[in-house]
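Colleague: Put together the whole structure using the sequences plus the hints.
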Amino acid sequence: MNLNLEQSLNQLKVLIVVGIMILVGQRIGYGIPVATAIPGMLMIIAIAMLSLIIKDLFPRVKFPAFAWASLTALILSMPFIPTSEWFLHYTNEVNFLGTTTPILAFAGISVGNKIQKLKELSWKVFIVAIAVFIGTFFGSAIISHIVLKLQGII
Amino acid sequence: MDKKVSRKDKPLKTRGRIAVFLKLYLTVFIIIAITEKIGIKSFSLGPGKVVLLPMLFAVVIGILITPDLLGKVFAFLKNLIASEEIELAGSMVMLALLPLGVKYGAIVGPNIVQIIKAGPALLLQELGNLGTVIIALPLALLLGMGREAVGATASICREPTLGIIGEKYGISSPEGTGVLGTYLIGTVFGTIFFGLLGTLSANTGLHPYALAMASGMGSGSMMTAASGSLAEIVPGMRDTVLAYAATSNMLTGVTGLYSVVFLGLPLVNFLYDKLSPIIGRGKEVENGELRGNSHES
Chain P
1 MNLNLEQSLN
11 QLKVLIVVGI
21 MILVGQRIGY
31 GIPVATAIPG
41 MLMIIAIAML
51 SLIIKDLFPR
61 VKFPAFAWAS
71 LTALILSMPF
81 IPTSEWFLHY
91 TNEVNFLGTT
101 TPILAFAGIS
111 VGNKIQKLKE
121 LSWKVFIVAI
131 AVFIGTFFGS
141 AIISHIVLKL
151 QGII
Chain Y
1 MDKKVSRKDK
11 PLKTRGRIAV
21 FLKLYLTVFI
31 IIAITEKIGI
41 KSFSLGPGKV
51 VLLPMLFAVV
61 IGILITPDLL
71 GKVFAFLKNL
81 IASEEIELAG
91 SMVMLALLPL
101 GVKYGAIVGP
111 NIVQIIKAGP
121 ALLLQELGNL
131 GTVIIALPLA
141 LLLGMGREAV
151 GATASICREP
161 TLGIIGEKYG
171 ISSPEGTGVL
181 GTYLIGTVFG
191 TIFFGLLGTL
201 SANTGLHPYA
211 LAMASGMGSG
221 SMMTAASGSL
231 AEIVPGMRDT
241 VLAYAATSNM
251 LTGVTGLYSV
261 VFLGLPLVNF
271 LYDKLSPIIG
281 RGKEVENGEL
291 RGNSHES
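If you read the sequences in order, they're chains P and Y. With my numbering applied, the first sequence corresponds to residues 1 to 154, in that order. With my numbering applied, the second sequence corresponds to residues 1 to 297, in that order.
Be aware that a few hints might be false.
Stated by the list, open to error - Okay, the calculated beta carbon distance ranges per label pair:
| # | chain 1 | residue 1 | chain 2 | residue 2 | range |
| --- | --- | --- | --- | --- | --- |
| 1 | P | I115 | Y | T255 | 30 to 40 Å |
| 2 | Y | P266 | P | E6 | 28 to 38 Å |
| 3 | P | I81 | Y | F43 | 18 to 28 Å |
| 4 | Y | D239 | P | I115 | 29 to 39 Å |
| 5 | Y | S44 | P | P82 | 17 to 27 Å |
| 6 | P | K119 | Y | I279 | 22 to 32 Å |
| 7 | P | P39 | Y | I279 | 58 to 68 Å |
Stated by the list, open to error - Examples of chain P residues toward chain Y, derived with CB under 7 Å:
| # | residue |
| --- | --- |
| 8 | S8 |
| 9 | N10 |
| 10 | A46 |
| 11 | A105 |
| 12 | G108 |
Everything labelled a hint here was simulated from the structure, so no lab data went into it. Beta carbons are placed, not taken as given, at the ideal position from N, Cα and C, and that holds for glycine.
Modeller: Have a look at this one:
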């Protein structure tokens, strides 16, 4: 319920490192100068911290920090909200794809100890899981396609 | 053992673990530098185009360098990435996702009017997640799975489903094994699979907006892989594609848990009862016993 300061501080340190990784990564991949992207990155880190703090303060609300972060940025960037222009001006310097690489590098490493477990389950699970993915994806896509068509959006 | 538990409680504790942090950071830094240097690669495949994003290379390299794979061959990798670093990487994913969450919000915000207009489609497509039961359950039964099939196909099996099935049946029950199986496959191969599916699906004739909504399935990294690749295929619709995907993912985050409890699980159990006598392989008895056992433990 109450905020754990030590934990928040550790989270902040991690976010700063991740921020640096993104800045360097997008410099290499998309040629965005590190300096111009720093203000946007600071705003992003601030919102990320805010969402972690919200999550700590309301543990009963089952809304992940990721969703709080999106929601906060969404509100700040809506066209009729006064903050939207400067907020977008700075955060646009942080490349969308650039933020994805660190996540997946960590994610890849983190599943390293699950390979053995997967080998124990049989190959059948693999086939079923792929069917699950395809069913979920195309089930949603087909319904969206029909409804969007009915609405005349596509 | 005790040490392990306390570490789980405070996964980010730095005291005495500076080396673990440094090794992990250094490794990820190198992965990022390499993958960003490679950049976006695209090639034609049949009538369509496949886009490989740096994030896909990153996840593949990340998996490859772990002790069970290349670590077995190269001793220095084993020293760099061991169980402690792997465990820490797990806690890092949630934090590393946050900047992306902010970026998604900043894509949804400016498009909010457009998204509200597409509200009905966004809400109704959530029902499409049930497509997983209809397609995957019969297949699981045909492959000879018993009650494992129920856990494996009740949903796309992200954390909320893992929690629900674990609570209802016990994680060591057949249903628990099933849900864990799909969860693990999704964790290891999900982003790679959806990254490819995101680009290949653009050739199906389904509109990119519909595919974008389908990309939001409750996992931040899967959604990113699917919608990120899709957006590269249709650059003209990039922002709308990303905005629909993010909104759909947010909605699934809110509704996902309830849709598994009230729709997915009842549907998969209903279909299991109907279909298993026809296409199942008489595994009910055996698994029934197993289930009884795990309930007691």
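Colleague: For every hint, state whether the structure bears it out.
Modeller: Cross-check of the supplied hints:
Our hint of 30 to 40 Å for I115 (chain P) and T255 (chain Y) holds, since their Cβ atoms are close to 32 Å apart. For the hinted restraint 28 to 38 Å between P266 (chain Y) and E6 (chain P), the CB-CB distance of approximately 44 Å leaves it violated. About 42 Å separates the C-beta atoms of I81 (chain P) and F43 (chain Y), a value inconsistent with the hinted range of 18 to 28 Å. With their beta carbons about 37 Å apart, D239 (chain Y) and I115 (chain P) fall inside the hinted range of 29 to 39 Å.
Between S44 (chain Y) and P82 (chain P) the beta carbons are some 46 Å apart, a value that contradicts the proposed interval 17 to 27 Å. In this structure the supplied range 22 to 32 Å holds for K119 (chain P) paired with I279 (chain Y), their Cβ-Cβ distance being about 27 Å. Checking the proposed 58 to 68 Å range against P39 (chain P) and I279 (chain Y) shows it holds: the Cβ atoms sit about 60 Å from each other. With a cut of 7 Å, the hint placing S8 (chain P) at the interface with chain Y is violated, because the nearest CB-to-CB distance is about 10 Å.
Checking N10 (chain P) against chain Y: minimum C-beta separation of about 4 Å stays under 7 Å; hint holds. Among the interface hints, the one on A46 (chain P) is violated; its C-beta lies about 9 Å from the nearest C-beta in chain Y, farther than the 7 Å criterion. For A105 (chain P), the interface hint holds, since its Cβ comes within 7 Å of a Cβ in chain Y; the closest pair sits about 4 Å apart. The beta carbon of G108 (chain P) is positioned within 7 Å of a beta carbon in chain Y (closest approach about 2 Å), and the interface hint is therefore held.
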